[in-house]
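Participant: The residues making up each chain are set out below.
Number of protein chains: 2
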Amino acid sequence: MYIPVFDDVIAAHDRIRPYIHRTPVLTSSFLNELTGAELFFKCENFQKAGAFKVRGASNAVFGLSEDMLEKGVATHSSGNHALSLSYAAGRRGIPCTVVMPRTAPQAKKDAVRGYGGRIVECEPSTTSREAVFADVVAETGAEFVHPYNDPRVIAGQATCSREFMEQVEGLEALVAPIGGGGMISGTCLTVSSTAPGVKIYAAEPEQADDAARSFKAGHIIADDAPVTVADGLKVPLKDLTWHFVKTHVSDVLTASEEEIIEAMKLTWKRMKIVIEPSCAVPLAVILKNRAVFEGKRVGVIITGGNVDLDTLPWFKG
Amino acid sequence: MYIPVFDDVIAAHDRIRPYIHRTPVLTSSFLNELTGAELFFKCENFQKAGAFKVRGASNAVFGLSEDMLEKGVATHSSGNHALSLSYAAGRRGIPCTVVMPRTAPQAKKDAVRGYGGRIVECEPSTTSREAVFADVVAETGAEFVHPYNDPRVIAGQATCSREFMEQVEGLEALVAPIGGGGMISGTCLTVSSTAPGVKIYAAEPEQADDAARSFKAGHIIADDAPVTVADGLKVPLKDLTWHFVKTHVSDVLTASEEEIIEAMKLTWKRMKIVIEPSCAVPLAVILKNRAVFEGKRVGVIITGGNVDLDTLPWFKG
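Protein sequences appear in the order of chains A and B. This note's numbering puts the first residue of the first sequence at 1, with every later residue one more than the last. This note's numbering puts the first residue of the second sequence at 1, with every later residue one more than the last.
Where hints are given, some of them may not hold.
Note that identical chains are pooled: a pair holds if it fits in a single copy or bridges any two copies.
As the list claims (entries may be wrong) - Each computed DSBU-like pair below joins lysine-lysine, with the alpha-carbon atoms no more than 35 Å apart:
1) K71 - K269
2) K109 - K296
3) K288 - K71
4) K109 - K269
5) K265 - K238
6) K199 - K269
7) K71 - K199
8) K288 - K269
9) K109 - K288
10) K71 - K296
11) K296 - K269
12) K216 - K288
13) K265 - K109
14) K265 - K246
15) K199 - K238
16) K216 - K238
To be clear, the hints were calculated from the coordinates, so they are not data collected in a lab.
Generate coordinates for the entire structure from the input sequences, incorporating the hints supplied.
Facilitator: Right, here's the structure in full:
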């Protein structure tokens with residue numbers, strides 16, 4: 001297992017810069033007042049392909065050796081990695097196959113196809129996803145770009161917090177959602193190398209709290225098919241991301257489905273930005289754990305904005 | 001009738017700068033490809049109080065003479081001017097009464113009260129609004145700040161296009177929605193003074209097309225109670241705004257309800273920003289009049305983001 005270092009982040013940033021946005025940081029005086037903290041939101045919902053995952057995917061695709069270009073890349077993903085890899089592959093002009101749960105949001109499936117990716121569907125469980133994917137790789141010979149347990153991907157995601165630390169001075173804590181742990185691992189990689197005093201908090205849905213339980217137990221606990229509105233956060237930790245979580249994360253905080261939806265709606269209403277349910281988990285845990293964040297300069301990573309506008313979670317039925 | 005000049009805009013900008021945001025300009029490669037134009041979006045949905053109207057309202061409130069402070073300000077408004085005036089009055093610590101149609105979005109009523117404004121309801125017609133308002137002024141003695149037909153308000157709104165022209169070089173056309181004409185008048189004031197070669201287009205709902213008909217007829221035609229999803233654009237032109245429209249606007253273009261809703265949803269989906277139906281009218285007319293804008297650098301003013309998230313127009317029933 002190769003553990004990426006900060007030099008890999010610098011190389012990744014140089015490699016992917018032409019294909020990504022340096023996304024803006026927004027603030028909200030209303031949310032500052034509500035939380036008692038000074039919040040800064042790094043808006044990866046404005047990123048190419050609508051999510052931070054384009055950073056890691058682009059690093060893998062544009063780092064690919066010449067002899068692999070014809071076979072292309074393949075992955076499995078609950079959504080944003082799928083369309084980010086399709087976007088990056090499209091920019092490099094190579095084939096891309098993605099295995100997606102048939103229950104993934106239609107908006108994400110449409111976007112994958114829009115970028116030229118090919119979708120092969122599986123059942124919404126880790127077991128099914130991995131079995132179907134093995135067949136795809138056998139058939140295509142494509143390079144597997146794992147959505148998070150891959151040093152190229154983690155080094156790519158780490159460019160997000162690198163920009164964030166440049167954009168906002170004196171951050172005391174960073175909060176990002178945790179699913180498989182790719183963004184959190186990248187954040188750990190950058191922060192531990194450049195500003196080790198900054199605390200890192202992972203935010204997770206109560207109904208998919210495998211990372212919180214892993215953190216407490218001291219070893220990976222994986223769920224097969226958790227059910228949560230935060231569809232980007234259903235996947236389990238793997239060895240590489242677990243390494244970063246156990247070494248550098250201060251705490252894993254959880255929020256209920258209701259708290260996540262409330263924080264999502266509050267962000268849309270007050271900040272006027274479209275964010276996914278997954279990205280609302282950090283604000284939900286900040287609201288729930290006021291004492292942890294009050295009086296601090298806190299960075300929040302808004303990981304993506306690919307929402308199915310026809311099925312918003314606060315509309316019942 | 002005092003017609004404001006560019007010196008009034010400079011004075012307004014100096015006066016209101018501490019109370020407003022210099023809002024960002026966003027772009028979308030997807031929408032550029034779709035329209036064949038190079039589009040720049042001035043995001044007043046990120047403005048204080050969620051709309052450009054805080055510029056004009058703040059200019060009026062912070063320009064108020066000492067002897068009027070105790071009586072405060074009053075206005076009638078279909079929404080954003082109401083909450084902007086409440087915000088500005090709150091910042092200066094003076095009373096604010098607003099007459100609002102009872103059918104105004106709940107989100108806007110809540111926001112007015114949140115900023116400390118007092119609401120008096122009227123029927124959703126110009127006639128009722130003006131009658132109820134006369135009573136309010138008689139009762140309070142407050143200074144009337146008209147939502148648009150007021151030189152202080154127009155000079156304030158003009159600071160938006162002043163920033164826009166500083167932020168984006170070489171704009172060839174500007175498109176903004178037209179209701180009463182405050183934003184368009186401010187745009188005319190700035191552009192005619194600083195870059196008279198830039199064309200100005202007003203965008204209006206077909207179902208509230210009084211400005212388009214006025215523009216063709218050469219005199220003001222007012223509708224009493226038009227029905228459109230673009231709730232900010234139901235009010236008619238008045239003498240001061242008509243002066244700017246007839247003198248400086250190149251054309252008034254209209255879009256159907258369906259086209260407005262489609263453009264609104266497209267903006268949310270692709271740009272990840274929450275905008276009001278009114279702000280989608282410019283994109284709708286750009287999509288509809290491709291030949292007018294193709295190949296040009298076009299500025300679009302996104303006027304506000306105060307949407308009732310529980311009643312989105314693409315959800316039927």
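Participant: Tell me the hint numbers this structure goes against, listed in increasing order.
Facilitator: 3, 7, 10
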